[in-house]
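Top line first, the protein sequences correspond to chains A and B. Start counting the first sequence at 0; every next residue gets the next number (numbering that gives the first Met the number 0). Start counting the second sequence at 0; every next residue gets the next number (numbering that gives the first Met the number 0).
Careful: at least some of the hints might be erroneous.
Stated by the list, open to error - With a cut-off of at most 25 Å between alpha-carbon atoms, the simulated DMTMM-like pairs for lysine to aspartate or glutamate come out as follows:
hint : chain 1 : residue 1 : chain 2 : residue 2
1    : B       : Lys253    : A       : Asp118
2    : B       : Lys262    : A       : Asp16
3    : B       : Lys578    : B       : Glu614
4    : B       : Lys208    : A       : Asp16
5    : B       : Lys578    : A       : Asp118
6    : B       : Lys160    : B       : Asp128
7    : B       : Lys422    : B       : Asp268
8    : B       : Lys261    : B       : Glu251
9    : B       : Lys616    : A       : Asp118
To be verified - Pairwise CB distance ranges, derived in the manner of DEER restraints:
hint : chain 1 : residue 1 : chain 2 : residue 2 : range
10   : B       : Lys208    : A       : Lys151    : 20 to 26 Å
11   : B       : Thr612    : A       : Gly6      : 42 to 48 Å
12   : B       : Met257    : A       : His142    : 33 to 39 Å
Hints in this document: simulated from the structure, not taken from any laboratory. Given the structure is predicted, the values throughout are model-derived calculations rather than measurements. Glycine included, every Cβ here is placed at the ideal spot set by N, Cα and C.
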Amino acid sequence: MKLNINGSTRELDVEPDTPLLWALREQAGLTGTKFGCGVAQCGSCSVHINGEVRRSCSVPVGSLKDSDRIVTIEGLAPAASHPVQKAWAEVDVPQCGYCQSGQIMAASALLAKNPAPSDADIDAAMTNICRCGTYQRIRTAVHRAAEIAKAKA
Amino acid sequence: MTKTFEDDIASVSRRRFIVGSAAAGGGLALGLHVPFAEAQSASATNAAGCELNVWVVVRPDETCAIRIARAEMGQGTLTGLAQLVAEELGCDWSRVVTEPVTPGRNLASKRAWGEMGTGGSRGIRTSEDYVRRGGAAARMMLMQAAADQWGVPVGEVKASKGVITHPASGRSTTYGKVCDAAAKVTPPDPKSIKLKDPREWTIAGQPLKRLDTADKLDGSKQFAIDVRPPGLLNAAIKQCPVFGGKVASYDESKVAGMKGVKKVVKVDDSAVAVVADTWWHAKKAADALPIVWEEGEGAGASSATIAAHLKSGLDADNAFKYRDEGDALRAIAGSPRKVEAVYSTPFLAHATMEPMNCTARISKDRAECWVPTQNAEASLAALSEASGLPLAQCEVHRNDLGGGFGRRGGNQDYTRQAATIAKQFPDTPVKLIWTREEDIQHDFYRPISQCRLTAGLDDKGNVTGMHVRISGQSINAFVNPASIADGKDKRQLQGLWTEPGDAQLGYTFPTILLEYAMRNTHVPVGPWRGVNTNQNGIYLECFMDEVAKAAGRDPLELRRQYLANHPRHLRVLNAVAEKAGWGTPTPKGVHRGIAQFMGYFSYSAAVAEVSITPEGKVKVHRMVMGLDCGHTVNPSQIAAQVEGSVAYGLSAALYGECSVDKGRIAQSNFHDYPVVRMAEMPKVEVVLVPSLDFWGGVGEPTICVVAPSVLNAIHAATGKPVRDLPLRSSRLA
Numbered sequence: 000m001k002l003n004i005n006g007s008t009r010e011l012d013v014e015p016d017t018p019l020l021w022a023l024r025e026q027a028g029l030t031g032t033k034f035g036c037g038v039a040q041c042g043s044c045s046v047h048i049n050g051e052v053r054r055s056c057s058v059p060v061g062s063l064k065d066s067d068r069i070v071t072i073e074g075l076a077p078a079a080s081h082p083v084q085k086a087w088a089e090v091d092v093p094q095c096g097y098c099q100s101g102q103i104m105a106a107s108a109l110l111a112k113n114p115a116p117s118d119a120d121i122d123a124a125m126t127n128i129c130r131c132g133t134y135q136r137i138r139t140a141v142h143r144a145a146e147i148a149k150a151k152a
Numbered sequence: 000m001t002k003t004f005e006d007d008i009a010s011v012s013r014r015r016f017i018v019g020s021a022a023a024g025g026g027l028a029l030g031l032h033v034p035f036a037e038a039q040s041a042s043a044t045n046a047a048g049c050e051l052n053v054w055v056v057v058r059p060d061e062t063c064a065i066r067i068a069r070a071e072m073g074q075g076t077l078t079g080l081a082q083l084v085a086e087e088l089g090c091d092w093s094r095v096v097t098e099p100v101t102p103g104r105n106l107a108s109k110r111a112w113g114e115m116g117t118g119g120s121r122g123i124r125t126s127e128d129y130v131r132r133g134g135a136a137a138r139m140m141l142m143q144a145a146a147d148q149w150g151v152p153v154g155e156v157k158a159s160k161g162v163i164t165h166p167a168s169g170r171s172t173t174y175g176k177v178c179d180a181a182a183k184v185t186p187p188d189p190k191s192i193k194l195k196d197p198r199e200w201t202i203a204g205q206p207l208k209r210l211d212t213a214d215k216l217d218g219s220k221q222f223a224i225d226v227r228p229p230g231l232l233n234a235a236i237k238q239c240p241v242f243g244g245k246v247a248s249y250d251e252s253k254v255a256g257m258k259g260v261k262k263v264v265k266v267d268d269s270a271v272a273v274v275a276d277t278w279w280h281a282k283k284a285a286d287a288l289p290i291v292w293e294e295g296e297g298a299g300a301s302s303a304t305i306a307a308h309l310k311s312g313l314d315a316d317n318a319f320k321y322r323d324e325g326d327a328l329r330a331i332a333g334s335p336r337k338v339e340a341v342y343s344t345p346f347l348a349h350a351t352m353e354p355m356n357c358t359a360r361i362s363k364d365r366a367e368c369w370v371p372t373q374n375a376e377a378s379l380a381a382l383s384e385a386s387g388l389p390l391a392q393c394e395v396h397r398n399d400l401g402g403g404f405g406r407r408g409g410n411q412d413y414t415r416q417a418a419t420i421a422k423q424f425p426d427t428p429v430k431l432i433w434t435r436e437e438d439i440q441h442d443f444y445r446p447i448s449q450c451r452l453t454a455g456l457d458d459k460g461n462v463t464g465m466h467v468r469i470s471g472q473s474i475n476a477f478v479n480p481a482s483i484a485d486g487k488d489k490r491q492l493q494g495l496w497t498e499p500g501d502a503q504l505g506y507t508f509p510t511i512l513l514e515y516a517m518r519n520t521h522v523p524v525g526p527w528r529g530v531n532t533n534q535n536g537i538y539l540e541c542f543m544d545e546v547a548k549a550a551g552r553d554p555l556e557l558r559r560q561y562l563a564n565h566p567r568h569l570r571v572l573n574a575v576a577e578k579a580g581w582g583t584p585t586p587k588g589v590h591r592g593i594a595q596f597m598g599y600f601s602y603s604a605a606v607a608e609v610s611i612t613p614e615g616k617v618k619v620h621r622m623v624m625g626l627d628c629g630h631t632v633n634p635s636q637i638a639a640q641v642e643g644s645v646a647y648g649l650s651a652a653l654y655g656e657c658s659v660d661k662g663r664i665a666q667s668n669f670h671d672y673p674v675v676r677m678a679e680m681p682k683v684e685v686v687l688v689p690s691l692d693f694w695g696g697v698g699e700p701t702i703c704v705v706a707p708s709v710l711n712a713i714h715a716a717t718g719k720p721v722r723d724l725p726l727r728s729s730r731l732a
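In isolation and in its complexed conformation, chain B is listed as follows (with noise of 0.2 Å):
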């Protein structure tokens, strides 16, 4: 059963990981205030330069090297990151470079720089503090370093881009001149520490070029999917088509004459992998291997028996009641009008552009991986746990990802599967590749879910109560059962929640309910960029617009009224309106849509226009997107993901769907999982409405707006609402 990174670290480290055994790199803490730290003093200077603290290192050179826990999978993080650093820092930008951290390093430091997972679009959000006091606290060390050499207050003395002056005596000095008397000053403590107000930001808050574009434009990024130690193994691997199932047998000897196969390895229990001397070798044979496959009972199951166990969750008496103000349901029923739907969502697989991939090099007393990994620490922790090896004795190699989407966080199968391989050949490494097909085919799927919404309206067209039932799969109920026997799972409901903050509902209705029906299935499921908000949004949103019809209610209008009680979803939704121009004429044969909708801290809005052909095709013109995220680090680098949440979400609305036949997924490839491309892809104006009093998401937040404004647009054109995702099975025509 997959584990969560928590449930690795916690049972790793209660078993095998001895605290300060191996610190690798001598003294690396200054002490400041991150998760676990523990304070040293100690410094370390050599060649690579001076080490202030865990975050920075100053060179001789002027060269800034800034450390990035963080995994960089396309999202920015790491430039944004090291942004955050060099502003209070105080360096010159074009001195910066970064350097990853390694999770060995960071365990055998006490976790010195804190959690280094990167999901839920908290790369930045939840380390920008203490990112920002390492950059600070270098600083007042170089600062301090200048002033006693000149033998002055440390008071008089500035700093900017990497120069330190004394106004007062016309002195300067530079950071690559003192950085070695720096790094043996005494760090300050963490709590005395001012950090700069963002409305004074000169490197961070800017549209700064990413610092990792180079090698991306010339073929020589190595991806972990590259990598080529000496000596390198290819391992293809087979799955069993159905979740559950095993496999029976296999038969070696009609492969293990086929050129450059070494031997064909049982991985676990539902998979076989061949091993060659190249990965087409590999791929060749695993194709060719006869495998027998023990199904299990997950090959009765499909799209249609799941679409009736989850529909048994809408009908049922029996529902976690999240949140049940006033009498919802005595409302509507005493309503004069009654609006009522059913909506629907598929799986849907990530798709990350580089498949997934691990190489793993196993020996007698140490094993090591290049893996591409939104969460390096649970990287390691499979590691240790197929390799055997104690934590301290295994490292993980931090090449960036092809994308991640949530896929690459903590179920780390891929790394499990390869580590496993790798250990029936010591000493060398393998690279396990997965082929597309597997990719498509052994997914941890957006989970799916059908909703129904009802809503009383009174004579004037107000809503009088809502109740919302979602009726599902959980997330948490198969990454830990336990935790939720009894489906009182609030993350199904995700940007529906009542308190502030994370993801909550924007509107408040007279009376509500809003209930959870957990109806599991045999299909692996997992976080999926923007996780349940994507649901969510195009469950309530859409309704929306029902409501609104049948109210006879402009869309806007009505969002409006129910949203004066939340003026930051209601002002990002008044962006986005503005923007667009809603309630102006559109070109001929155009409509428009309009959502607004919450999750990971930060507010999102959208308008989308839409025109359809005679024929049924949907054409998506413009997406005005808003989104206030608070902070904004790099506007230029928050637009690229805006503008990349509408090609993920759209892909969703227009094609993607993962079906079950006999068990298994019935897609396997981009021919028949297809994904949106350039020309499908509308122009994308994005309206940052930010507030410098908080810190959000801003990988997922906007995606949950893209398919809900997108549908209601639909709706304006049709007069029909489309309650069956995705559009590719609807007929618009």
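Okay, chain A solo, but in the shape it has when bound (with noise of 0.2 Å):
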């Protein structure tokens, strides 16, 4: 089947019930989107389907179109060029790093919906999953991205 993946289409030889974690990482060879727990709870897996931030190992890719957008962290901006990564770099942000992809891109929708969110806004939208704990620095760099987003603007 067609999807729609950071920008362009790919063909890929999936079962509809395929959970797009698997065909992302198994099909179109993107690792960076990380399996976790299989049942949404971590969001170790997130990424944007037109622009809304989704689980993606509880999205079967029968249930999508070839016309939604798909965005996975390898498609987030050239370069680490984001605002989220930029500050996540500035406050030296991850530990292991394996739950990170899905924190910026969680972040990132976040930000590309309310532009200068509050703790409780934060506390709200970001309930991805950090066995190393590093919620102290994703807040302050989320408040960070968001400065760098309205300087660039």
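These two chains come separately, so use the hints to put the complex back together.
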């Protein structure tokens, strides 16, 4: 089936019940999107579908149309230039890094809708799990990304 | 039975490992004073750069490659070790890159890089000396090469930021320009090397950014779970839900026709795997595979039977008397007042974000794997055993881990499984990935225990005696049962030890009796970030608040009195009390709790600020965390570890529980094994109280004060102590 991933149309050999996560990782070769729980709990597999953050482990590819725009961490911005990626580097957020693709996708989706989120907004939107416990730096970096984006605008 | 890494290496090297065979990369060692290293003076120079010794390679383009033997799992050891080497090397930090050392290469070089195992918060503290000497030796060789070129005494040249100068003549050169000549210089005697005074550090000791962040931001970092060697097959596994149970039978015909399925493999007595073209196909087939389990005697166990078993340890006449000074029982019995409490903590899974996985490729004469491991040499041993090939024909590739926390050390169950499966597909890489459900239900859990504490108080509110009896499962008994057959397992009393250093009890009571009653279960146990300091910190530090309350004393003042003989413990406690404003008013409804404890050679203390909603929900607002880890290699990364320990420790305190039902773990994924998320993360303030005269751990020490300080704040808020973890089992409203 055809999927629009990071701006290009990809023809993937998958059955409709295949979760988007595994189509991305095993067919499209995009391994930046991570498997963490398989039940939409942890958010490591977060991607954007038409600008909305979605947990790809629980999105069967059969539910997608070829017009749906899927963006993964690899396609978020050229050369890690998204304000969220810049802020993450500035604040030195990641520890092991495994959940960070998902955290960055969740944060970028939040900022696209809410350019100046409050702490409460961040609490509500950033529900991905990080076992290393980088939450405090993620919070700082989301605020910082908002500043970077504002300065650029 | 699971063996320790040391067992593995010892047994494998006795049987198979031939020292000196296949010395990878030619002459490697410089003769540094490192464990098991043998002096060699040969150097290797090629396009990859000039290898000055096992730790340092300088390239003509001025890049300095620093070799890292320890595992990086998020804890920042890679950056910290590089800082220590770079400090002594005197190079330009912006030109530093790191290279992982593989265990095959280490063994072939007679362990020139020393120990690779990364647990017990020892990644830096037990290798700092020899890696710094490596950096210093390389600097001395570079300076000597420049001095030789100029025909001047080496004492007249200086080196800084990768530039060597001869001030007298105004000449200068760079590390990259002289590296080739430096590689031919006779290395200095390690004993002659004088290391820098940490007070003069300019690279180490600084809050530098991590070296390993960039590829974590764009999805390009390759964790082991991401590797895709050509021809890759994938495996999903089903392990007997009851520990100790076996596979009775399975019906391969029911899944043989499913899309992509190649084969069903019986991995060992207790596990079956499905191998398919993709992991999704393998997982679907594994879910559909009818398996009959022979559950075994473990099936009769439940949380209730285990609790009763542990209680028998609290009540037994006999236990291992670890410390018995004065007659505490008599002192307590003769006291006008007695305080007594029984606490309990559950089994806990690690739940690393990257699930267990290993990709193995085994051919007739070579085995290799890609695996997230805290102990690459244990992985090598597991690969060798499972593949049947000698260590010298095995190699473990070094992908960084998506979290470790103690789960991926000596056990290497998943590496054995992957190698066993891959053996059935010669020359073909097979990637085994566990589901999260397999991960939660087949861990080596933080051991379960109960603790009874009794204290006597005199008329003035002074403690006359302290009796602590812990009853619970022993990690050592699981890892190596013969070693503690008599139950004398001091490790389960971690944090209550008498001797200074590692995990010393800070309090001095007039009389004391510390006991351990070993009560094992069929559930596998192992180290879990902070190991036994977690439970023991809760028991002792929450009980100290109960004693303070009974004595009508302030919890901080009571602790100060009994810590008087241990000024290092006291100093960290005082630091957090001051920073948190202990004794000053709190916002309405907010209550404080305090705790201190010690582990991994470091001293920790915390003040928690907590409120409780009318519905009984706990909100932790602020954690002031104090740490004296001796030398501070990177204050920013130390703070990151302390912040992380709050999330990990708070997850355990609030939610963490693996209960046992019909012999199996009842929880299976993050919906029923919840962990702290952003909204529950308190503000963490880190107070570093460094001493410049020892090297303490960082990754684990502070976790042991997180839960007790929070529980003590709840006690202050509700007037009732919380004695059974996790909190979600307690009614607070």
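Original post:
Under the criterion that the straight-line Cα-Cα distance not exceed 25 Å, is the pair Lys253 (chain B), Asp118 (chain A) satisfied?
Top reply: violated (52 Å)
Subject >> Pair hint outcome, Lys262 (chain B) versus Asp16 (chain A) [Cα-Cα no greater than 25 Å] >> reply: holds (22 Å)
**OP:** Assess, step by step, whether the Cα of Lys616 (chain B) is no farther than 25 Å from the Cα of Asp118 (chain A), and give holds or violated.
**Re:** Cα-Cα ~20 Å, so holds.
Original post:
Regarding the pair Lys578 (chain B) and Glu614 (chain B), is the alpha-carbon distance no greater than 25 Å?
Top reply: violated (31 Å)
Original post:
Are Met257 (chain B) and His142 (chain A) spaced within 33 to 39 Å by their CB atoms?
Top reply: violated (49 Å)
Original post:
Is the straight-line distance between the alpha-carbon of Lys578 (chain B) and that of Asp118 (chain A) 25 Å or less?
Top reply: holds (24 Å)
Original post:
Lys422 (chain B) and Asp268 (chain B): Cα distance at most 25 Å?
Top reply: Holds, because 16 Å separates the two Cα atoms, which is no more than 25 Å.
Original post:
Hey, Lys160 (chain B) versus Asp128 (chain B), does the alpha-carbon distance stay inside 25 Å?
Top reply: Since the Cα atoms of Lys160 (chain B) and Asp128 (chain B) sit roughly 21 Å apart, the hinted pair holds (cutoff 25 Å).
**OP:** For the pair we were handed, Lys261 (chain B) and Glu251 (chain B), check the Cα-Cα distance against 25 Å.
**Re:** Distance of about 11 Å is within 25 Å: holds.
Original post:
Measuring from beta carbon to beta carbon, are Thr612 (chain B) and Gly6 (chain A) in 42 to 48 Å?
Top reply: Hint holds: Cβ distance 47 Å, inside 42 to 48 Å.
**OP:** Verify the proposed pairing of Lys208 (chain B) with Asp16 (chain A), using a straight-line Cα cut of 25 Å.
**Re:** It is violated: about 43 Å lies between the C-alpha atoms, which goes past 25 Å.
**OP:** Indicate whether the distance between the beta carbons of Lys208 (chain B) and Lys151 (chain A) respects the range 20 to 26 Å.
**Re:** The hinted range 20 to 26 Å holds for Lys208 (chain B) and Lys151 (chain A), with Cβ atoms some 22 Å apart.
The earlier numbered hints that this structure contradicts are 1, 3, 4 and 12.
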